[in-house]
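4 protein chains.
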Amino acid sequence: MSFNTFGRLLRFTTWGESHGPALGAVVDGCPPGLAISEAVIQPFLDARRPGQSKFTTQRQEPDAVRILSGVFEGKTTGTPISLMIENVDQRSKDYSEVAKAYRPGHADYAYDAKYGFRDYRGGGRSSARETAARVAAGAVARLVIPEVAIIGYVAEIGGDAIDLANFDAAEIGNNPFFCPDAKAAARWEKIVDDARLAGSSVGAVVECVATGVPAGWGAPLYAKLDSELAAAMMSINAVKGVEIGDGFAAARLRGEDNADPMRPGEGGPEFLANHAGGIAGGISTGQPVKVRVAFKPTSSILTPVETIDRDGGATEIRTKGRHDPCVGIRGVPVVEAMMALVLADQKLLHRGQCG
Amino acid sequence: MSFNTFGRLLRFTTWGESHGPALGAVVDGCPPGLAISEAVIQPFLDARRPGQSKFTTQRQEPDAVRILSGVFEGKTTGTPISLMIENVDQRSKDYSEVAKAYRPGHADYAYDAKYGFRDYRGGGRSSARETAARVAAGAVARLVIPEVAIIGYVAEIGGDAIDLANFDAAEIGNNPFFCPDAKAAARWEKIVDDARLAGSSVGAVVECVATGVPAGWGAPLYAKLDSELAAAMMSINAVKGVEIGDGFAAARLRGEDNADPMRPGEGGPEFLANHAGGIAGGISTGQPVKVRVAFKPTSSILTPVETIDRDGGATEIRTKGRHDPCVGIRGVPVVEAMMALVLADQKLLHRGQCG
Amino acid sequence: MSFNTFGRLLRFTTWGESHGPALGAVVDGCPPGLAISEAVIQPFLDARRPGQSKFTTQRQEPDAVRILSGVFEGKTTGTPISLMIENVDQRSKDYSEVAKAYRPGHADYAYDAKYGFRDYRGGGRSSARETAARVAAGAVARLVIPEVAIIGYVAEIGGDAIDLANFDAAEIGNNPFFCPDAKAAARWEKIVDDARLAGSSVGAVVECVATGVPAGWGAPLYAKLDSELAAAMMSINAVKGVEIGDGFAAARLRGEDNADPMRPGEGGPEFLANHAGGIAGGISTGQPVKVRVAFKPTSSILTPVETIDRDGGATEIRTKGRHDPCVGIRGVPVVEAMMALVLADQKLLHRGQCG
Amino acid sequence: MSFNTFGRLLRFTTWGESHGPALGAVVDGCPPGLAISEAVIQPFLDARRPGQSKFTTQRQEPDAVRILSGVFEGKTTGTPISLMIENVDQRSKDYSEVAKAYRPGHADYAYDAKYGFRDYRGGGRSSARETAARVAAGAVARLVIPEVAIIGYVAEIGGDAIDLANFDAAEIGNNPFFCPDAKAAARWEKIVDDARLAGSSVGAVVECVATGVPAGWGAPLYAKLDSELAAAMMSINAVKGVEIGDGFAAARLRGEDNADPMRPGEGGPEFLANHAGGIAGGISTGQPVKVRVAFKPTSSILTPVETIDRDGGATEIRTKGRHDPCVGIRGVPVVEAMMALVLADQKLLHRGQCG
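Chains as they are written, first to last, in the UniProt record's numbering: chain Z, 1 to 355; chain U, 1 to 355; chain F, 1 to 355; chain R, 1 to 355.
If you are wondering where the hints come from, they were derived from the structure by calculation, not from laboratory data.
What you are looking at is a predicted structure, and each value in this text was computed from that prediction instead of being measured.
There's no promise every hint is true.
Since copy identity is lost for identical chains, a pair holds within one copy or between any two.
[Said to hold, decoys possible] List of simulated lysine-lysine pairs, DSS-like, C-alpha gap at most 27 Å:
no., residue 1, residue 2
1, Lys93, Lys190
2, Lys100, Lys190
3, Lys100, Lys320
4, Lys320, Lys93
5, Lys93, Lys75
Please model the complete structure; the sequences and the hints are all you need to start from.
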């Protein structure tokens, strides 16, 4: 089966392949009257755009978004918003190798097993280019939750983590890694460049924090805020793990160390810790909502890997072409977009049920 | 909002509170003609049942399941299967303290913030007792996927992990921890008992492996097999993290070390590794599907914790009563049930689209 | 496939068969804080209850509803409300004839064709007894829309229609036909009794009007208010047609005769007609929402009908047992319930998107 | 709320307004491997296309469809199929009158009441132009059900019905009314032309029959085949009534006259009548599936109608511009498309659950 729609009240549907004429998203259920234009959406796409440094793929895509519906006189009308991004730089290359053999770690074999054949050009539907459509949809979602500020950043590359003592949000935009720790960013230059030059790749951990989320958003039990975030993040290409708050580290704490004590505060409780990542019982607590996302190293590498061809015969493949040596870096705007989409949906769900 | 239904073709809806008269699940979309009876479901509930050792809550619940619909002459009819479990041991106790003050780490404050009030008896709807209904539904799901074998176990308690060299699946049923490593089980006795006696609690990591899943199950992009598993697992009480395959460890590998090379095998490719946990591009590859789930330490502890009362005033609370010192242990049958439910749903989805 | 859940934010799932131990509904997404008890729901079930006159089936069912979850201290909590009705009068009879041969007009053959076999006792899941669960769910839905008054009635039996000049809403409860026209009710006594005595049956048309619905409810395009009402009504057993406002009669009008002119009124426009039945573009206009529903004559008749048996051989069947000679009569509370459920859902949807 | 997605496994989402740059549909869940191209879809759009006779609107739209995704080497890939149709003939006219005052019978007032404002150009999202996207999606759905033949036609215009004795399917394409009765078509010329010249409009009844549907499709209880068809048809602009089989006429029959007796036939039962319209218990019986749909007269008429303006003041409006004098005529391809979409979805649902 294929399910290319996400969300419950604020829903978006994405479509498109890496090497098709275009890709896009239809955002449905958006409240009416929100000021919007291409200029509001474009900066988020620009942040995700490839080819901006040597640390990401060299494919040159303007990723210019066009609004085709759902907007009138500069405002959302409450009807579906169709967003389209044309593909420009589908370099004409020879895909015969990828067409014939399966790249380990890629979706090649799985797609063939499921559908009988696949659009192999640049990964087709399984390409990370699809995330451009999510980022565009996420920009719409942000308009629904003006009370919320979302900050994403890379917390770790190739096992080398940032030092929280150096955390400076203003730094995130100053380096090609969305890194809030200038010293780590300096180290990562070498790590990523080494991988790139070796035709290898490295993994990364992305963190995303949403502040301003009021207590009460979340739809227990099977659309819990954390459950929806987990689904959203795990649906991103190359993601293999999701943590809320302390995540796996919480499994190593004792109960008293994992508690988030409360005391009276202004306009609600003041929490003395946030091990829970701002979510209890699937509902926001008013604390910052925090998620951590693990990106595996890009599967496209120059080292030859043992594999099979479409006929089941033994062969070997090395993935030439333009690839991100660390796909997690450009994952930051995508993680932020998914956070925005989940929160906006939950806000509407909460308003629907609880008024 | 409240969403108590999970699944797309095979859907289940759970209902019930910790201290209400009963709880249950309605399983809809189950294929017809499957042999079923209460006796088929009960063993899974028995595995999750509390009060079986000193390492779990002492609440005594038979958790006897009753099938109220959807079955005729011992077979599923294709119509909704209603499963009910009566609550028996709702000990009459004084809940006035919990009614007045919020237990940090619990859903108390969040539920109040969302709904304006809450059923505070035993945690109400946010109680882990709800998972009994999932386990019953999961037993039905297993009938849908006879080709799949699911094994869950505790891999780590309080930071103390099993040694894979000692892994013995037959050992899992021999100790009260669902532990496949006899030596670790022996160590955990002390860890959990110490926590219990201290009125504290410890966290755990549960692993679950499904073998026999054919290549091709999964519904990209927003109902990817891994995305659905992440949502399913994160919806379980006390879960804070989910990993597929190597998870966060994959973020520390280089591309060539994370590859799962293939070579020709019988009836499909032979994989030389399984870093991916049996899923690529959101679709099963035919390898074992592997998920890891982090359970935080039980929030109910005897140590007093700073908190606020319903009026916003400062107070302190310690949670008396019957609780699991390590809620992850009884999480094993729940994780297995969610694995079964996701896989059964994906099997039907795949059959629906791809025939 | 089987889909036993209806609704988008306010959702209900029904389960149960005619001759099983019980049937029920789980209502999910209900706003919190609404005063509720069994006593609030029971009167609606009593109105639908069989055995109250010779014009309905003689099966004696108290249809006593029990609330199993979702309510605390007399108020809805926002969590799923489980409602159960035990079956009492499953008369032990010989179903061997129905088991072997297909009753034309019934779902017997279709269920076998779909599922391979069926629970043939009393129609199993396809029995009109399922509608008891809808009526219980509808009683909950009414609490969500206190601003709306819903009145249903039979407008036509066996082709004999009420005279609008005689319409008196107070009359509806005074006769066994939910008939607002005392003269028609008198005529219908003979029509229905004749059919009953002849072992035959007659059809009916039910009308339902909801006043107090504000302008703005409806979810274009594929969950339009009228589209949802059509789906809701057509899902009721024996229903073969649905009209909104003038329905098919509108297809015979010219544009100027079908217009509903507006002029300024207090608190909104005053409409000079209501051909549209209170819905334009799938959205309520503030006028009364009006739906008409056609019920076919009960398929269970004593006249022998040519049919086939399970092995495909020719045979003949006459349906003995207890049946409604005019199933449309008891359809009135069901149509009202579905109206309430759709409106309540649309109210929450509107609030979710538009605040 | 806004729900622009229809379907459960085979889902389509439409977007676009009458006077926006384009409109389209995303079809998700389509099985892989089906031969497709723009040329396969275009004929269905051509049948619906305006401006082909004086009996429909004179707006000139080529309605050329473009496939943007989901197709590779001429076959569906199983991923979402994005279809786009550019608007060409959005005549620049003065909409100030429509912007200020509400056209009775149109969605103008309802949209404003719901969303606070509206895209008034040509009806915006509520325009019948949206149905072009449905027709394109329906063409994809037809590929999923090659065993089914769908024939739609106009059965009645302005109260003048076809004579079944004259029914000739081959005639449907020979006149501008999709009329299977040549004599009726001749009469309708005058009826529709009179209405057109008078600036008035007439209603119509469309019938649609699907043959080749095997027994067993349908998803009881709340996605019954007839319930889904009712929702699908009632979601079409200007539709006010839906009948399955005999519909309201069945409510005037006695049970023995409404029965569809069965006798042994080749490859299944032979039915001696089809009052049920091919559906029993919400499941197809193998007989032709038959639906009747009532279209009201176009609300856009030249006769001035009393109305109010956006400020609530009294005014009067006559709708100039290009309109269909009988919107039901071009409803035929739309009704067929919705029939195809529902049947294709139900086929996949059935295969998913019942294998």
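query: Out of the numbered hints, which ones does the structure contradict?
result: Violated: hints 1, 2.
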